[in-house]
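Chemist: Sequence:
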Amino acid sequence: MKRFFSLFLGLFSLVANAQIDNVPQDYFKDPLDIPLVLSGTFGELRSNHFHAGLDIKTQGRQGLEVKASAKGFISRIKIQHYGYGKALYVQHPNGYTTVYGHLKKLAPKIEEYLKERQYNKESYEIELFPGASELQVEQGEVIAYSGNTGGSGGPHLHFEIRDGSQRPMNPEMFGIEIQDTRDPIVDGLFAYPIGEGAHVNNSANRQKLRLIPQNDGSYSTNAVEACGEIGFGISTVDQKSLAPNKNGVYKIEATLNGSPVMNLDFQRFSFAESRYLNFLIDYEYYSNHRKRVQKLFKESNNPLSIYNGVVNEGKLDIEDGLDYNYVVEVTDFKGNSKTIRIPIKGNFSGEITPKDDVKTDYFTNYNETFSIEENGIDIYIPKNALYYDTFLDIEFMGDTVKVHHDDVPLHKNMTIGFDVSDIPTEEKEKMFVARLNKYGRPSYSTTYKKPTRFTTGTRSFGEYTLVSDLNPPSVRPVNFYDGQWISGNSDLKVKISDDLSGIQSFRATVNGKWILMEYEYKNNTLTHDFSDGVVTETENDYKLIVTDNVGNATTYEAKFFRKN
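Per mature numbering (1 follows the signal peptide of the UniProt record, and there is no 0), the sequence shown runs over residues -18 to -1, 1 to 546.
I should point out that these hints are in silico values taken from the structure, not numbers from a laboratory.
Each computed EDC-like pair below joins lysine to aspartate or glutamate, with the alpha-carbon atoms no more than 20 Å apart: (1) Lys53 - Asp145; (2) Lys97 - Asp473; (3) Lys475 - Glu521; (4) Lys525 - Glu539; (5) Lys495 - Glu107; (6) Lys337 - Asp299; (7) Lys316 - Asp12; (8) Lys320 - Asp165; (9) Lys394 - Asp371; (10) Lys341 - Asp389; (11) Lys91 - Glu123; (12) Lys337 - Asp371.
Take the sequences, apply the hints, and build the full model.
Modeler: Structure, rendered in structure tokens:
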């Protein structure tokens, strides 16, 4: 009955997630007037999420014209220090939305619209939702200039196409052309004993298999001796023709004796499911080896929609005395592929190396809450925060607590609380909850303060403690000094930094009037562009107040002169 039900679910999955049809092929045009060379592909495996678009290289430069991929209107403008940095969203008449991220600057009419509202709000970070008639654009119209803002590791344009439900889709499906004649690269294959008593090569632990190159470009492995319920995992990347970047693949298919058992592809996903990437990969292996192994089987509570057809959750029931042929094919969007053939011999073994499981006093089911308190420190993990049942390694060490290991992922925030009722009020003002790295270096964890209790919510296991920050932020002018004439300057630049709790806010004024300063956290620089037109006097008093996350503040003041 169980096998029949699994087969039914597999067939249902195949129907429900079939190839997406009716995707327009000639509607969207390239957003840049240069050959499209990628540093990142759609669905690429990133930390805790799938990549939602294409990262298009901009030849190492900023300021390239970014053009509307199709007719529509600017439906959203989001400016933030991190994430997509400066980003535009264009709503199109056919229901799709295109997204353009990490921009340096917006086109003049859009920039004017943005700046007016930033000055009214007195904030660099802002999110706007213009109406359909306010900022209309034509296909090919310049809407922005490429940059490196937000969480960008170098100049590029992040480009997305989203459906009517705001689910990102693979832009290559819409005819966005990327040159690619290279086969995917397979650099690791693993076998996993799953069921009770199962083994691979006489072991109940994950086994790395040796890939043997074949004359036709495929791989094979030595015969795998196994018995019971097992699965496989693969480490694979793709490289496009014009770039060395290791990108994500488009499709992985697995068959057993010629019949499909697992098929996953990267056509579309929802942001709500993106963090479940931690279900797809062998997270423990990634944490320790920095290589993402995609599991070709799924746990029963895995909700990812990227699976196209799954039989028995991709798990194989290997019987003693039978032979099997397991084949994995990895394919990129252009159809370049790599095949791996794995012969399996069913062989029951009475001498199995047991699993390397470490049992502790703190066992929790993933679908139940967990809480514990000791030494004035309490821990609360909500249900479904863990991806699977786990023995937790918890150790209370005075005013510090170790909460398991960072090779296990969390899907939701756990809460760690500290009793601070015995700490003097003036000391508490400068304290925060910190996570300690492996060298004991503290980093700020968002801290919520009540008179007798400090708490933090975090999705990272590790060591946590209370730390005091008594030092204010550092402020240093970059392209001016007190009393200087700076008529030749196009902007005003200041470096800010904080060595412990981190920058929380800043506020700059000239002659008592708020001015916009753009914050680039990657180089700790604040920049005011004089083209904003708010600095109009010859003699100007500049004042900048920078505050860290526990309230330490530094005030920098200078006078500068400027002819307009």
